[in-house]
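Trainee: Chains as they are written, first to last, in my numbering: chain A, 1 to 196; chain B, 1 to 196.
Just so you know, the hints here were simulated from the structure itself, not pulled from any lab data. Hints are not guaranteed to be accurate.
Because identical chains cannot be distinguished in the list, a pair is counted as satisfied if it fits within a single copy or across any two copies.
Claimed, not checked - Straight line, CA to CA, 20 angstroms or less: simulated EDC-like cross-link-like pairs of lysine to aspartate or glutamate:
hint, residue 1, residue 2
1, Lys23, Glu177
2, Lys56, Asp5
3, Lys56, Glu126
4, Lys23, Asp5
5, Lys23, Glu148
One letter stands for each residue in the lines below.
Protein chains: 2
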Amino acid sequence: MAEADPIRRLIHAFSRLPGIGEKSAARLAFFVLDAEPHVASELAAALTEVRARIRKCSLCQNLTEQDPCRFCADGRRDAGLICVVENVQGLLAIERTGEFRGRYHVLHGRLSPLDGVGPDQIHIRELLGRLAGVTEIIVATSPSVEGEATALYIQRLAGPLGVRVTRIASGVPIGSELEYADQVTLSRALAGRRDL
Amino acid sequence: MAEADPIRRLIHAFSRLPGIGEKSAARLAFFVLDAEPHVASELAAALTEVRARIRKCSLCQNLTEQDPCRFCADGRRDAGLICVVENVQGLLAIERTGEFRGRYHVLHGRLSPLDGVGPDQIHIRELLGRLAGVTEIIVATSPSVEGEATALYIQRLAGPLGVRVTRIASGVPIGSELEYADQVTLSRALAGRRDL
Numbered sequence: 001m002a003e004a005d006p007i008r009r010l011i012h013a014f015s016r017l018p019g020i021g022e023k024s025a026a027r028l029a030f031f032v033l034d035a036e037p038h039v040a041s042e043l044a045a046a047l048t049e050v051r052a053r054i055r056k057c058s059l060c061q062n063l064t065e066q067d068p069c070r071f072c073a074d075g076r077r078d079a080g081l082i083c084v085v086e087n088v089q090g091l092l093a094i095e096r097t098g099e100f101r102g103r104y105h106v107l108h109g110r111l112s113p114l115d116g117v118g119p120d121q122i123h124i125r126e127l128l129g130r131l132a133g134v135t136e137i138i139v140a141t142s143p144s145v146e147g148e149a150t151a152l153y154i155q156r157l158a159g160p161l162g163v164r165v166t167r168i169a170s171g172v173p174i175g176s177e178l179e180y181a182d183q184v185t186l187s188r189a190l191a192g193r194r195d196l
Numbered sequence: 001m002a003e004a005d006p007i008r009r010l011i012h013a014f015s016r017l018p019g020i021g022e023k024s025a026a027r028l029a030f031f032v033l034d035a036e037p038h039v040a041s042e043l044a045a046a047l048t049e050v051r052a053r054i055r056k057c058s059l060c061q062n063l064t065e066q067d068p069c070r071f072c073a074d075g076r077r078d079a080g081l082i083c084v085v086e087n088v089q090g091l092l093a094i095e096r097t098g099e100f101r102g103r104y105h106v107l108h109g110r111l112s113p114l115d116g117v118g119p120d121q122i123h124i125r126e127l128l129g130r131l132a133g134v135t136e137i138i139v140a141t142s143p144s145v146e147g148e149a150t151a152l153y154i155q156r157l158a159g160p161l162g163v164r165v166t167r168i169a170s171g172v173p174i175g176s177e178l179e180y181a182d183q184v185t186l187s188r189a190l191a192g193r194r195d196l
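Please work from the sequences and hints to get the whole structure.
Mentor: And the structure:
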């Protein structure tokens, strides 16, 4: 990397981001070096600011500037209904449907014993701690092995407490062609069939 | 993006990097938020440091901490031979061959009139200003329309000054299969054939 140690450090820092290998990291670093100075300074400032000002909501673990977050602070949202998501992206995806008016709980992960992620590594304890008055938990973790395992785990703990635990439906995506659906998805779609 | 303005700013800052769209930028931002704090702080520090300490070599325009850069300062390298590259990545690629012992000149771009990149936007003037004692310029710009145009432009300016201007060969990459080479590359390989 020539004599430029700072460049090497920047490449290394970029390469720690997900989906960015050594080559992409080098491309990003040299882009930043050739770009207007504000590109680097604004990214640096945003990184610093986000770490300083964003924390987890003490109730739902959503990332927020104010605690409690705006979903937990919104009295018009149904506190008896909690949608459990793996991450903030999941929360935002549910929110974009405009169909959900309950509260959220962000796990920041999903059970994955092989990766060393057990119940203590995701915010399951905090979920159990806020079940007073809750009638239903909708588990909207991803439709993967780990997402399913996480859903079942929550069901096993919360079910006996008298809380209804439901799971979002899996099946063929709207607008897609049946022939492109994979076997597992189609099996799920069949098993989850409903009367018309 | 929930109430989190700092998150939105971080996503925006990431999305200005090349090859990173809105979705990838969001993924990077949330990764940074969930990662250990040092991931964000080290990237921020590296960005700030690189802008503060790295500048262009006053001779060859290579990115460097010291001026002149280590290639220009190395008396063992042939100052009569200049390899012209589009960017530092190109310089590093040539350097990795271990075959080149001359000096470099980094254009930081290539002629592309449609994108508003003329001779004044890349460091052609600086190249012409250092031709005293130079016997050969090897133009190692990319084998694209713009790279070729840049090579021809340099030839037209430097040739009349008595400097030999050469171009790196284009052709079928070593180790590849002929059937996968595109037509243009194969045509070049044919036109550039040499006696064995």
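Trainee: Work down the list of hints and note, for each, if the structure agrees.
Mentor: For each hint, the structure was consulted:
| no. | hint | in the structure |
| --- | --- | --- |
| 1 | Lys23 <-> Glu177 | neither (36 angstroms within a copy, 24 angstroms between copies) |
| 2 | Lys56 <-> Asp5 | between (35 angstroms within a copy, 15 angstroms between copies) |
| 3 | Lys56 <-> Glu126 | within (12 angstroms within a copy, 53 angstroms between copies) |
| 4 | Lys23 <-> Asp5 | within (17 angstroms within a copy, 31 angstroms between copies) |
| 5 | Lys23 <-> Glu148 | neither (35 angstroms within a copy, 24 angstroms between copies) |
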